[in-house]
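Which chain is which? The protein sequence lines are A and B, in order.
Anchor point for the first sequence: position 638 equals 635 in the numbering used here, and the numbering is continuous, going up by one each time.
Anchor point for the second sequence: position 33 equals 36 in the numbering used here, and the numbering is continuous, going up by one each time.
No lab work stands behind these hints, which were simulated from the structure alone.
Do not take every clue at face value.
[Said to hold, decoys possible] Cut-off 27 Å, straight-line C-alpha distance, at most; resulting in silico cross-link-like pairs (BS3-like, lysine-lysine):
(1) K556/A with K30/B
(2) K80/B with K561/A
(3) K461/A with K502/A
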Amino acid sequence: MTLYFLQALIYLCAAVIAVPLAKRLGLGSVLGYLIAGVFIGPIAGLVGAETNDIQHFAEFGVVMMLFLVGLELEPKMLWEMRSRLIGLGGLQVSLTTLAVMGIAMLLGQSWTISLAIGLIFALSSTAIVLQTFNEKGLGKTEGGGGAFSVLLFQDIAVIPILALLPLLALPELVEAAAHGAEHLAEHHEELSLVAGLPAWAYALVVIASVVLVVVGGHFLTRPLLTYVASAGLREIFTAAALGLVIGIAALMSLVGLSPALGTFLAGVVLANSEFRHELESNIEPFKGLLMGLFFITVGAGVDFGILFSSLGTILGLSLGLMLIKILILLALTPAFKLQGTDRWLFALSLAQAGEFGFVLLSYSVQQNVLPVELTQTLSLAVAISMFLTPALFILYDKLIVPRYEQTENEREADEIEETGTVIVAGIGRFGQIVNRFLVANGVNTVVLDHQAGQVDLMRRINIKSYFGDATNPDLLHTAGIEQAKLMVVAIDDHARVNQVVEYVKHAYPHVKVMARAYDRGHAYELRRLGADFVVTEAYYSALELGGQALSSLGYHPFKSEQLKNAFDQVEKDNRDTLYQSWLNATEDNRFTPHYRELFMQMELLLGDAMKVDRADKHSMTERGWTPPPKDYLDDFKDPQDT
Amino acid sequence: MSKVLLLFAHPSQDRSEINRPLFKEAKKIAGVTAVDLYAEYPSFRINVDREQQRLREHQVVIFMFPLYWYSTPAILKEWQDLVLEYGFAYGSEGKELQGKTFLCSLTAGGAASAYRKGGYNHYQIWELLRPLEQTANLTGMHYLPPFALFGSRTAVDEGRLPEHIQHWRSLLEALVSDSLAIEHVAPNELLNHQLEQIIKEGA
Ligand SMILES: Cc1cc2nc3c(=O)[nH]c(=O)nc-3n(C[C@H](O)[C@H](O)[C@H](O)COP(=O)(O)O)c2cc1C
């Protein structure tokens, strides 16, 4: 036990120290993990052979990652970006694979090995690129969008590649492996449902399990998750989410299919469901940790002996690879109308090999496709190309952007800005009206509510909403709070509203927060927590009714309108003073005598504002359109009169 | 140095082709306070005290608007009705506006040639603006002829906007730097047609 604790401590410490450091230096978290691994492995020698076992375990992170990739892929969105996805992505992967394969064969490798290397090198690093885009705000640019399509295609392409690689196995490696494994066989019988089945039955089982995942994902998970959600316990929901992923992975391995493929399918099936964001936010931390662990083990497995003995080869491989990828990407841009800075952003950002490269390399070794020594060199080449990526982004910022800035600035700025997403938390009586109003005006909203029943109801009338607790930072993250322009907090639970407002204003000060308050005191609390705009829920509807009441009593409708406005104006004029008094009072008794006094004063002012003018003292409503005094003509004498 | 108060009234700015760029240009000029009335008072609840204070702080007042039914859009009328109070703008005690300069910057859909006797708008533009002119007179402000663009709906297509913006700029700059020879202004000619004569040399 003690040993495990110590090991875990070493890994965690390395990550905790290296990752923030790497991020600060602009290198991104993937590089941070790799560096951490290099440090505790080859440099300090703190961890040893067990990294291999840990790496197998950590590969489960990839399964989770594909589940998340699937969740991101709404069928509709996929359809909209089909031309770029298949065109750009397909051409990038196939051309790069062929180019790399050709060069590998020229260097004397067999075609199977060359093809495997080509496939592995064609992929780029989703983790590094998307994270850098996020950090630099490049995701919304044309170039960023193009890069995203390619990355998405690559992520999907991993699945057929995983299926293809075993077919490339080298007979001599398989044999050697079989020898080694023979005496282990009796202890280590792989659990399988399909061992010994005839081919047709095997095919049936495979088809049946895929159908089970798709149909079950569609019809069974939703009632299940609704049921779990109704319990209102967050950890049980997490357990259900994990159970779902692990269950599918188990099923797939039992029938001899790739677990990643299964979870990916399940992800796509659930992409349209109201639980999407909640699932994402529950799985995300596990995936993050496991992927991190995975990268650390890759770093720890770096063999300095190999690195230094063949430094030239490895550097040559990395730089050559990046050059090939950049050239191919640049060649693709004209056909897809990427120009100027976008063209360069697109080409430079995707030049590295990626984390899937590591996964596929270790998979290739297991499947006897590539010899171990070769993969060690290739791994290093992949890692170096990732290390060089931040340099390319710096190149883009410092050289490319200034060159184009001149020409692009001359274009007239667009008047109507792209409306960023609005997050609406709480889709009850209040949130519904806000949301309908925004959506009717073409504003993009993401709706969250923590009552599964309510979300269901909304979905039935075609309001796109997601189940989830808006007080959960992870959920806000997956709902896109970083890119959001503003957030509407229309939750009815007093404490939760405060929690959300406080968190969002603290973590994302750039997001405007508009909140509905239960009453006056609550409005003050929200203002203190930093809300940009607060409205007390009943105020305007009550005032509206009051105005109608006056009109029914015989007031001229325009007069009622003026009186309503006057009332509102007095409220607004006194808002700050009352708030200050409330703020200065003690925590336990906010509504002090002083506050009450101020409030009474305001009531008096209200009275004044409402009264019709007496003794020529203009009331507030009489301030407008004031007729001149009856004797005013004395001021104006016609020139000829004098 | 004079401070210029630009009161802009346009209720459908998303469709504006002329006034919006003019307003944007004006915002860039130091010494010009550019107020978008419809933005500031979307429900017409004009804050009289604030508007009167603004008037006190400026020496030049400009109404900027698209011509709507030979007059200003509604909010400018509302602004006059509320802000130009007895005792502030007129009457024996109302002297706050005296000595200031007033002018209109307007755009009209009709062609310049239509605004004359016998044309289909029958009256010249300064005749139609008489109520504003007299309001300026009564409140003791010096009235200047309008800065106007006719045929405004086709001005962009015909490439007339850039020159108009340039004139607008020089007018505002001249007003801010007091280099407009107000005494030389011809009353029955558009301000934009006499800028060369009335902007003082060396300014
Ligand atoms: C309600 C309304 C009334 C109008 N009345 C007149 C008018 O009396 N005379 C005229 O020449 N143009 C008139 N127009 C045309 C506007 O003056 C023209 O649309 C405007 O100058 C265009 O400027 P903009 O591109 O900044 O919106 C009217 C337009 C509207 C919408």
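Broken hints, numbered, in rising order?
1
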